[in-house]
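Asks: With these hints in hand, go ahead and build the complete structure from the sequences.
So the protein lines, in turn, are chains W and P.
Take our numbering: the last position of the first sequence gets the number 651, and nothing is skipped along the way.
Take our numbering: the last position of the second sequence gets the number 199, and nothing is skipped along the way.
Take the hints with a grain of salt, since some may be wrong.
Claimed, not checked - Here are the computed distance ranges between Cβ atoms for each label pair:
(1) W/E618 / P/G185: 42 to 52 Å
(2) W/N458 / P/E87: 35 to 45 Å
(3) P/R74 / W/E363: 51 to 61 Å
Said to hold, decoys possible - Here chain W is said to cover these stretches of chain P; the calculated rule only asks that three of the stretch's residues, wherever they fall, bring their Cβ under 8 Å from a Cβ of chain W:
(4) 141 to 149
(5) 182 to 193
Calculated directly from the structure, the hints in this document are not laboratory data.
Idealized CB from N, CA, C, for every residue including glycine.
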Amino acid sequence: MGRHDKLREQRRPGPSGFYEENRGFFYSEECYDQRMGHGGEDFSRFQDRRIGHQRKNGQKYHFDRQLQENLGCARGDRQDPKFDYRKGGPRYIPNGVELWNRITIKNVKVTRGELLKSIIEACPEPFVPVYYHLRGEFGFFFVESSRAASAIQRLHITLPVQGKVEFGETRCMPIQNLPIDERMQIKLKHVLERRYDPLAQSLDLSNFHYDESLCHEYYVPLSRPMNMKEVMRIIAGNIKYLKNLDLSNNKLRNLDNLEILVDKSVEVKALNVSNNDIQSLNVFEKLKGLPLESLMLADNPIAKRLKEKTNDTYRREVRRFFPKLVILDSDVLPVPVTFDVKLDGYEMPVTQPKFLVNEGVNAVLHTFVNQYYRIYDRGPRSELSEAYYEDVLFSLTAAPLPKSEGNRFNLGTYLKESRNLMKIKQSSVLPGRVRRGRSETIKLLEALPKSVHDPDSFRYDVTIITDTLMLINLKGVFAEGTDPKGVFRSFTRFFVICPTPRGGYCIINDFLFISNASQAQEKVAFKRVETPLKIEPSTYPLGLVSVQREMMEMS
Amino acid sequence: MQLTYKKQLIKTLEPLKPAINAVHGTDFKIKDAVKESFSKFKEEHKTDIDVKFMDIETCVSRLEQTSSAGVDPALLQKLIESQDRLSQSAEIAEKFVELYYDSMDKARQKLLMMYLDDATLSWNGNGGKGKAYVMNLILAIPPTQHEVASFDAVPMIVDPLPGRPSIMILVAGSVRFDKGKEKAFQQSFVLVIEEGKGRIYSDVFRLQDE
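Replies: Below is the structure:
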């Protein structure tokens, strides 16, 4: 009795006790690794100490203690009320830790598969048996729901070789981490392979600890950093592009270890972390590098909290981390401006070659522009008179490049005819004149030097489309003369076209701006075209049709 | 300024000299006729057309085309009306360009007020409609320093918003983003005129290099 007292004293919680040492560290899910390193290994220190100490006292305690230590559980010995925390025992259980239930089976003689199958079939409550293993004659497995556990305990099963199955049940702390050895790594790889859908390029890691092939042998919840790290490492080593990564239902508190995906530049387009335990959006801090387009964050404490404020706040906050996000919790967000290109150290929206406020006009746009420039390049430009409205307003402006770019070629021919309202401010001369009407316009166009346009350099912006008009802004590069290796000019044409009664289009307002092509433009000009565009007149479809007086009445 | 204007006028009238001589006998009659009708028109309509934007040459060349037997006052009036619109648009454009680039460089919030509610903006091909998009984009662009080299403005023959006169402006110049290198740009606007001021209905910005 005396010796027992001593033991009991030592086992009591207290300032110097073992329990206090581990209090707060031992039981928290995340802190398993913080405290234990790999989990399990360091703890064996304490294990040995106590075991060595208690060996003196007989088999019973030794056995039980080892069990406790290995499994991170309270003692299964119900008969000792002092150490049964169900009756207000000494163990400290911090908040948020859900207790598991350990089912003990005496004298196991059948295979795991048989046994578990029979139990699952017989039990009225659904459950998943986790981490089944044998210790001596005893078989143990863990069950999360206590209802199922108590149901199991009351089962009466008889198996052929086994005889009557005797159950023991107790509450216990969550299963401690197991060190990840080769065998487990291979197992994990198999699991990941199975859960990866190559057609949809999606990886489903929801409820990972309940994975059928995994849970009977191991308990690998992704909420524990060690496990998450390992899984992410395997992913990063094998998959480069993931359309969808599903991490729901994993009791995740933070997503730190997803950082590995960012480091190894795995492209994840959609991430599902719904039904987890994320308390703050800062978990995404390290994941900013992911090119996420869709995020599911529902059923997380943070989501509920943010949504209480307003939907807008929720979206805005999430957008701060993932500006390119398009879908949030199955809500489509308005298309954001993407920041990709760094211009002089600042992030700018990426240049798009084309913007059409309504995609339907694409065909008309291309037809018209291509026809126009075919005739323009080939000549004679008088054929273009059909493309112009009777009372068109045409204005030409020319200006040199900014001084820093340098101007290799003289813009004299254009400057002569150019109209620039800035001139009045700068030098008080007449600004130049606007050409009215077809004949003046064609006269001017014919006076300009011959040209060869580079269709690859064309950049379109169509911002206004109505029944009566279409506003087109076209920017590009052309070479003077017939030789595409001659003098390069850059032009911007801002014009309005109207549909004509005969089914074609004509220009009613036309602005032409000409400058020298910059060095950057020169480099990429005419990379594809070797010969200037030469097309026979017979292949022209009817597009440029003359307009009648009806047009005037339209306006 | 008056001197150069006169010189230009005389220069343009030179090729007409033989025709005028043949019909009217002296060089200056057309010029006087134009001026007279012009001043009459001004008095009648009590407008104060700014001479600097007047394209007298255009008037004269048109007259040459349409009638060789003297100046038709009705046609001249029509021409002057259209010239009026032209010069009016030029004035509005002048004020607008100054205000726009000033606000863009120094106070972007002011800029947002200049856009209509359903304006369309396209910045290097990134386009969208509506004030929210415009705000988003404008505030996302890094600090700029614009230098306008040239701009030109004409009234639109068919107005995109029926009943509301509009003008088209094409601006070219150079811009520095956040004190970086100078880059050539071209920007085109469609302004809808309300109470003598223009509000942006369409805005297309393109850097020349890209």
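Asks: If you check each hint against the structure, which ones fail?
Replies: Checked against the structure, no hint fails, so every one of them is satisfied.
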